[in-house]
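Now for the letters of each chain:
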Amino acid sequence: MANSMYAIEVEHLTKIYGKGETAVTAIADATFQVKPGELVAILGPSGSGKTTLLTAIGLINEPTHGKVIIADAMVADEGWVSGIDLKRLRREKLGFIFQAHNLIPFLTALENVMIALEINQLSSREAKRRATELLISLNLGHRLNNYPSALSGGEAQRVAIARALANRPKVILADEPTAALDTENGKNVMDLLKKLAVENHSAILVVTHDRRMVEGFDRIFEVLDGRIAS
Amino acid sequence: MNLAIRDIRYHRGRFILTSIGLGLLLGVVMSMGGIYRGLFADALTILNITKADIWVVQQDTNGPFAENSRIPEDIKYRIKAAPGVTEASPLSFQTIQIDRMDKPLRFFLIGFDLNGFGGPPVILAGRNIRQKHYEMVVAKGMKMELGEKIRLGLHEYTVVGITGKVVSSSGDPAAYVGLADAQDIQFKKDNDAIRNDRERIGANLSGMQTLSPAQAKYLKQNIAGITESTHTVNTVVARLAPGANLHEVQERINRWNHFRPISVEEQTTILTKGMIEKARMQLGLFRIILLVISAVIISLIIYTSTLDKIKVIATLKLIGSRNRVIVGMILQQSLLMGIIAYGIGYILILLTYEKFPRRIVLESFDLQLLFAIVMAICMIASLVGIRKALKVEPAEALGG
Ligand SMILES: Nc1ncnc2c1ncn2[C@@H]1O[C@H](COP(=O)(O)OP(=O)(O)OP(=O)(O)O)[C@@H](O)[C@H]1O
Ligand SMILES: [Mg+2]
Chain A
31 MANSMYAIEV EHLTKIYGKG ETAVTAIADA TFQVKPGELV AILGPSGSGK TTLLTAIGLI
91 NEPTHGKVII ADAMVADEGW VSGIDLKRLR REKLGFIFQA HNLIPFLTAL ENVMIALEIN
151 QLSSREAKRR ATELLISLNL GHRLNNYPSA LSGGEAQRVA IARALANRPK VILADEPTAA
211 LDTENGKNVM DLLKKLAVEN HSAILVVTHD RRMVEGFDRI FEVLDGRIAS
Chain B
191 MNLAIRDIRY HRGRFILTSI GLGLLLGVVM SMGGIYRGLF ADALTILNIT KADIWVVQQD
251 TNGPFAENSR IPEDIKYRIK AAPGVTEASP LSFQTIQIDR MDKPLRFFLI GFDLNGFGGP
311 PVILAGRNIR QKHYEMVVAK GMKMELGEKI RLGLHEYTVV GITGKVVSSS GDPAAYVGLA
371 DAQDIQFKKD NDAIRNDRER IGANLSGMQT LSPAQAKYLK QNIAGITEST HTVNTVVARL
431 APGANLHEVQ ERINRWNHFR PISVEEQTTI LTKGMIEKAR MQLGLFRIIL LVISAVIISL
491 IIYTSTLDKI KVIATLKLIG SRNRVIVGMI LQQSLLMGII AYGIGYILIL LTYEKFPRRI
551 VLESFDLQLL FAIVMAICMI ASLVGIRKAL KVEPAEALGG
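In the order they appear, the protein sequences are chains A and B.
So the first sequence is numbered by the numbering used here: it starts at 31 and just counts up by one.
So the second sequence is numbered by the numbering used here: it starts at 191 and just counts up by one.
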């Protein structure tokens with residue numbers, strides 16, 4: 031496939047949960063593209079399909095119809111492309127940040143970031159070096175050896191961001207990364223994401239409820255009942 | 191980075207406690223193996239220390255350990271004269287239970303010919319029996335002092351020596367006395383019984399019309415002599431000359447009728463297959479049950495610890511971990527728990543096995559086999575957890 035200019039391409043993406051009478055169309059015929067370095071907000075009421083959209087792009091929720099192309103790789107075309115290694119794409123091309131930070135409770139902050147690097151075949155020395163560097167750049171240099179339970183919400187979310195960034199992914203997907211944080215910490219996280227989009231040249235999709243959080247974003251998608259308007 | 195170890199490090203309290211619990215269980219499994227080996231060793235102790243090649247016993251019996259065997263003492267001369275035999279020595283065995291310091295003292299009394307063999311294998315303290323009568327050598331396990339006296343039968347016996355760990359096939363400690371003393375204790379009736387016998391025989395004989403009074407008197411004396419005779423033993427043990435043919439000697443003794451010459455090999459079979467087979471099967475069954483229990487416990491622990499980690503596993507999958515990282519984490523934890531529990535059980539047994547009332551024999555083969563079984567159990571037990579883990583969807587990491 032030719033090198034396109036997009037990090038994410040979605041064509042006629044549809045996701046239907048269930049079958050028959052109980053079927054729910056969570057995403058209906060979505061088509062859009064996101065360029066590297068673009069920071070996109072996805073806004074919409076509860077149940078509108080935001081998480082569904084993000085997880086379909088994140089290769090953890092199989093689309094019912096339509097195409098998904100991540101960093102030039104066709105991953106879904108009427109369902110997953112057969113024989114595709116989703117795990118590999120996830121660890122190489124994608125970074126995830128969620129509302130609940132999803133850190134591994136029995137690993138320290140440093141180890142939580144290192145693990146993402148080590149599963150990408152980095153030596154543990156190199157992983158340690160890069161993880162430390164990253165955490166220091168996110169102002170967590172003093173928290174390297176703390177377990178997640180000993181971190182504040184904002185600190186934990188920054189560790190999760192560091193983990194999502196560790197492999198310098200083309201695409202970062204964030205589902206309500208600020209929901210568990212107070213306004214100030216929420217703003218800090220959003221500022222950080224903005225900065226990263228520019229510095230790392232990553233496409234960043236951020237789902238949020240909160241309109242106040244999205245100033246300075248490149249684009250805003252409004253989702254309503256599974257339909258996207260930008 | 192090893193996730194199994196990180197998780198254990200984080201939950202070390204829980205891990206250590208479960209390992210100790212499992213370790214206790216495995217310790218019991220080990221001790222049961224040791225008890226079985228101990229039964230074996232005990233059963234063969236006397237056979238082994240006697241170092242005889244043939245045990246001559248009463249015909250049609252499996253004596254002297256398995257059942258009653260009585261043969262005349264003087265058959266030793268005939269056995270010794272048989273071609274190929276260099277030594278023959280009579281032995282008597284009996285289990286005795288007396289009260290000593292208000293506690294029952296049970297032991298196995300061995301009577302041996304002071305000029306023959308089959309006596310105490312070593313003397314740890316004091317000396318061997320020297321006087322023909324009323325001296326005794328006891329095994330360490332009797333917990334008696336040199337010079338101590340006990341009453342056996344009609345006489346008092348003095349402990350003159352202490353020998354090592356000699357036990358009967360049922361694990362009772364052994365004591366040695368001279369053969370004549372042992373015969374006294376085993377066969378000699380007390381004076382009342384003798385008087386009764388004499389009177390009964392006299393009454394029977396005088397009732398016989400065909401006997402003259404002189405004949406009756408003569409017969410009565412002879413019969414009394416026989417009934418009071420104590421020259422009976424339980425076995426005569428024999429050693430063969432180097433190169434002598436065991437089967438030939440056995441056949442010769444067989445031809446005399448009245449006697450059964452048992453080889454050491456046959457005696458071993460009688461002692462192990464016959465006498466301790468049931469105990470062995472019971473212990474084996476218990477061991478299997480305990481191992482099954484361990485397997486169930488390990489599965490349960492691994493399964494619940496996997497359930498606790500569903501979110502972690504989902505997160506690992508989300509960030510793209512290969513399955514082998516996740517399978518490895520669960521399997522390693524299971525194996526590690528097995529290794530540590532085994533270690534705890536092993537240390538426990540090492541520290542306590544000498545304090546068991548019966549002998550525990552730890553054989554490295556048994557221990558290695560158990561280790562392999564425990565590892566196999568851990569591997570199988572982790573399968574339930576692994577199955578669960580492989581089914582976890584990465585999307586499960588999303589939920590709060
Ligand atoms: N696994 C599922 N099975 C069936 N229906 C589902 C499933 N996940 C989501 N849905 C339904 O799909 C629709 C969209 O859900 P989704 O989670 O994408 O909404 P959302 O916009 O993220 O909402 P929120 O803001 O509350 O997180 C909802 O009606 C929801 O009930
Ligand atoms: Mg959602």
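Just so you know, these hints were derived from the structure itself, not from any lab.
Among the hints, a few may not be true.
[Stated by the list, open to error] Just the calculated beta-carbon pair ranges, DEER-fashion: (1) A:D212 with B:V517: 52 to 60 Å; (2) B:F561 with A:K65: 40 to 48 Å; (3) B:F561 with A:T52: 36 to 44 Å; (4) A:E252 with B:G211: 55 to 63 Å; (5) B:V517 with A:T52: 48 to 56 Å; (6) A:A53 with B:G474: 31 to 39 Å; (7) B:L573 with A:S167: 53 to 61 Å; (8) B:V517 with A:K65: 46 to 54 Å; (9) A:A53 with B:M565: 48 to 56 Å.
[To be verified] Stretch by stretch, here's where chain A covers chain B in the computed footprint (C-beta under 8 Å, at least three residues): (10) 198-211; (11) 226-239; (12) 579-585.
Since the structure is predicted, the reported quantities are computational estimates derived from the model, not experimental observations.
Ideal Cβ placement from N, Cα and C applies to all residues, glycine included.
Hints versus structure:
1. For D212 of chain A and V517 of chain B, the Cβ-Cβ distance of about 40 Å falls outside the hinted range of 52 to 60 Å, so the restraint is violated.
2. At roughly 60 Å, the beta-carbon separation of F561 of chain B and K65 of chain A lies outside the given 40 to 48 Å, and the hint is violated.
3. Roughly 54 Å separates the CB atoms of F561 of chain B and T52 of chain A, a value that falls outside the hinted 36 to 44 Å.
4. For the pair E252 of chain A and G211 of chain B, the beta carbons lie near 57 Å from each other, so the given range of 55 to 63 Å is met.
5. Distance hint check for V517 of chain B and T52 of chain A: the Cβ-Cβ separation is about 35 Å, which falls outside the suggested range of 48 to 56 Å.
6. With their beta carbons about 60 Å apart, A53 of chain A and G474 of chain B fall outside the hinted range of 31 to 39 Å.
7. Range check, L573 of chain B to S167 of chain A: Cβ separation about 43 Å, and the 53 to 61 Å hint is violated.
8. At about 39 Å, the CB distance of V517 of chain B to K65 of chain A disagrees with the hint of 46 to 54 Å.
9. In this structure, A53 of chain A and M565 of chain B meet the distance hint of 48 to 56 Å, their C-beta atoms being roughly 49 Å apart.
10. Coverage of a stretch by a chain is defined here by at least three residues with a beta carbon nearer than 8 Å to that chain's beta carbons; for the segment 198-211 of chain B and chain A the count is 3, and the condition holds.
11. Interface restraint, the segment 226-239 of chain B with chain A: violated (0 residues with C-beta to C-beta distance below 8 Å; minimum three).
12. Residues of the segment 579-585 of chain B lying with their CB closer than 8 Å to a CB of chain A number 3, which satisfies the three-residue condition for coverage.
The structure does not agree with the numbered hints 1, 2, 3, 5, 6, 7, 8 and 11 stated previously, though it agrees with the rest.
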